[in-house]
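Spelled out, the chains give:
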Amino acid sequence: MGSGRRWAVSFSDNSTSPSCRDIRDPPGFTRASVDQDDSTASRQKKDAESNWKAQKAWEVAQAPFKNLLMMGFMMWMAGNTVHLFSIGITFSALWQPVSALQGVGKVFEPYKDSKVELLGPKLLFIALNLGGLALGVWKLNTLGLLPTHASDWVSSLPPAQEVEYSGGGIPL
Amino acid sequence: MDWHQQYIGKVKQAVFSSQKTGRRRVIVSTEENVIASLDLRHGEIFWRHLLGSNDVIDGIDIGLGKYVISLSSGGSILRSWNLPDGQMVWESFLQGPKHTKSLLLVSTNMKIEKDNVIVVFSNGRLHAVSCIDGEVLWKKDFETESFEAQQVIQPPGSDLIYVVGFTAASQFEMYQINARNGELLKHESATFSSGFLREVSLVSSETVVALDSTGSILLTISFQNGEISIQQTPIANLVEDSSGPAIMIPSSIPGIFAIKTKSVTIFIRVIGKGKLEVVEKTNHETAVSNALPISEGQQAFALVQHAGSEIHLAVKLAHDWDDNLLKESIKMDQQRGIPHKVFINNYIRTDRSHGFRLLIVMEDHSLLLLQQGAIVWGREDSLASIIDVTASELPVERDGVSVAKVEHNLFEWLKGHMLKLKGTLMLASPEDVAAIQSMRLKSSEKSKMTRDHNGFRKLLIVLTRVGKLFALHTGDGHVVWSHLLHKSEACQSPIGLNLYQWQVPHHHALDENPSVLVIGRCGPSSDAPGVLSFVDTYTGKELNSLSLVHTVVLAIPLPYTDSIEQRLHLLIDSDKHAHLYPKTSEALSIFKREFSNIYWYSVEDHNGIIKGHALKCKCTGEVADEFCFDTRDLWSVVFPSESEKIIATVTRKLNEVVHTQAKIIADQDVMYKYISRNLLFVATVAPKGSGEIGSVTPEESWLVAYLIDTVTGRILHRVTHHGAQGPVHAVFSENWVVYHYFNLRAHRYEMSVIEIYDQSRADNKDVWKLVLGRHNLTSPISLFSRPEVTTKSQSYFFTHSVKSIAVTSTAKGITSKQLLIGTIGDQVLALDKRFLDPRRSVNPTQAEKEEGIIPLTDSLPFIPQSYVTHALRVEGLRGIITVPAKLESTTLVFAHGVDLFFTQLAPSRTYDSLTEDFSYALLLITIVALLAAIFVTWRLSERKELQDKWR
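Chains A and B, in that order, give the protein sequences.
Using my numbering, read the first sequence as starting at 1 and increasing by one per residue.
Using my numbering, read the second sequence as starting at 1 and increasing by one per residue.
Keep in mind that the hints were calculated from the coordinates and are not lab data.
Take the hints with a grain of salt, since some may be wrong.
Each computed EDC-like pair below joins lysine to aspartate or glutamate, with the alpha-carbon atoms no more than 16 Å apart [said to hold, decoys possible]: (1) B:Lys663 with B:Asp837; (2) B:Lys673 with B:Asp763; (3) B:Lys663 with B:Glu850; (4) B:Lys769 with A:Asp152; (5) B:Lys663 with A:Asp152; (6) B:Lys673 with B:Glu788; (7) B:Lys673 with A:Glu162; (8) B:Lys446 with B:Glu850; (9) B:Lys12 with B:Glu380; (10) B:Lys765 with A:Asp152.
Assemble the whole structure, with the sequences as input and the hints as a guide.
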């Protein structure tokens, strides 16, 4: 047995060099159309993507609004008395905007693009979240948990010292 | 946690029950108006009755062997009680023309159809009463107007009764009366020109001995066969060196009597007709019992003499002085003082000889039973008359100290463990069991002698009327130490008046022991010089005692302490000089610094004036030293004597802690409390209405309540209750005062509350100022700055009549308050202060309801469950004291009267600690189970995850 070579795989791509091609193109495939305006196609594609990104960013920025409505509804449901449920709702209403605000950069990370103007969505996002926070604080206030009254500041005020002292009574 | 102790008071008279069967008992009557039956073996109370304070017991005796006869209320009420169980059998009222000394004699030798006759001389009349049903058999009036009987005598085995006594000062009278029908058989009188002293001693059934009015001549008066003969014997003839006038020690021993001069007690025997002979002279303090018939014609009596740390007992036969039936010496605690009274009882030993028991009443009111040379039992009955209470901390537990004290050495330790082992193996004998129990008690948490974390264990220092101090452990009420006020050369009979905390070390003076100050007086009169005694509360040792040259009219603890935490006290004498104690230069410099800010006031309730004084300068005069200051009058409030009479004054407690000056009301509004240490509540009533309830019509009776500033004399509030009458009981705390009185129009008791608020602070409502601290709410204020106050008040009906009111006090003053009301039934009722809120309205708004305001009702609720004393009674309740524990929610309550009661209260529940029945085991098990569950589920999830990955 001379050489044992039965098959071989050539990894060189021959698709763009039809000169040295022994297999014909499949019918209906025109090699020229691909190569024709390559640059315009890619520009179009990028535009679409940035448009999509901007759209998405606005969507993300508007997302807290829905949240806000839901929160408002739940707060209305919870009532104005201090108990476990209302406290839980209020604190989640306070916590969500705070955590969202902390992660503003992260939320808009995927839509970062040199061509996409993210300031608008970001501002909207922040404004909506601040709105949520305000709602939470308002709820806290309606629950009476904010020290906004004089009584909240004087409740542990010790009595004033008196300068004079007098003792006595009925003779022993 | 609670404890209740029963006492009877100082024994006046004791009668031994002669029952042959059953448990031996002794019947006693006491100065606290108690009739009690005590177990002779252990001193326990079988039964006890406390008579009212105006129903003073004059005499007791036993009739027919099964009835206890008591004469009380100045001889006008005669009662019979069943001896075994103390139930009342009958009661008779004995009237008479005038008030006299009353005498009780239960005749034993005169049987009329199995009945004994009780002969009572009272209210100037002689009564014979049947012992079975209390029916008056006959009465006999005496024609002489001012006859004062001294003895009612019935010679043994005869039907005659002799009543002897004095008319005016110099006439001796003898009446001979037939005991069967009260017929007067003979009346003789004799005059002795120089007069008699009232006390007589009976030396035979027909002879008495008295002293003349100068106390220097002995008069032997015999009235044999109705003939009176008086023999005079000057004491100087009997005793050469007798000094000063003598007094008679009343006794009834055949043939022997005793007199006492200034320092010597003399026993004198009567031989034959009026001849006297001195048998003994002694310098020791001596008490003599009455004669006790022991066999036919033989009478024994007991003598108790006090000699240093011992007492000598002697039992002698009446006719044979030189021979002693019994002679013993017993070591006696110095703190018990001298013997005051002795009662003798005998029993037959197995060898048919006579044994004797002696019941001794000591100077400190304790009652001891002596038998066979030992004290069988003792009762600390001084505790029935507590006059002042204060609390003291226990020592801090230090490593090594307590262990060394409990287990002295290895042997003791081993013995203890052996005993415990025996106990668990059921091998212990009864003595062993008792030993184990006492050991357990000693080492138990409750009665440990060290401070605990929650501050529940404390010492209650109590001062009793006799001038004895006791330290009671709050854990179980046992007496830790006791101390009788010392007599000194300068002061023979000191009496205790008040108790103050002298030194309460904390912070920087922790190595000092705390001490109390006892302020006393030399004798009962108010112009007697004062006595101070400083007592260490850990050990009960007297640190120092001072006999003062000045009197003590007022004692004022000042709100200043020196560097070793001694509190400055100002004592005011009757000349209105102020004396500063302690007399140290440091105290003086502190005092000088605050000199112009110290004032004092005096309430002269007899003439209706309240006066305010200020300090002026150093004293001038004979008592002058640098610690004495002159004072000047500053203001006075004079109540018109024709319309007002002071019946109650009350102030805040000096040591009360107030948490806050603000009161938050509905809708987050603030009211500022007017909190001042210098407020005095005064209640006055119309002079006509100061008598008993019902003695006046509503129109002529009123009650006026005042709130007076004691620095400036300004009346801050005044309110009149028309148709109201005393007695008024009041309590003052924080910014409110609650008082209790009788409403004549409604025929009910009422309680009123006044709350006082500071109006000048009311506009401090700017939040930003408060947040930034730009307010002057906590800056010191002067009372001369004219405070503007408003008051709120409200009255409610209350079902009970009240003996005393107190209020709970806690460590920081955060916990809500309860009123502790001592009811007429001698119980203590706790009532939330919320019920006595002046802002209660018929229909409270939602916000007010949230604040905790209860809808208005006309009367205060009476909740049977809120009796602090449960089913127990604190007989003769006089005072309620509250002491804060270290735990904010809890307050310690001590109620005292004839009985003592102690408990812990948590007015708002124990919010800062777990309850005693909290199951720590359950908590632990839950935690362990949860941890196990977490671990198991974690392992399971791990495994499942791994399996998923392999799939």
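Next item on the list: Determine which of the earlier numbered hints do not hold for this structure and return their numbers in increasing order.
Entry: 8
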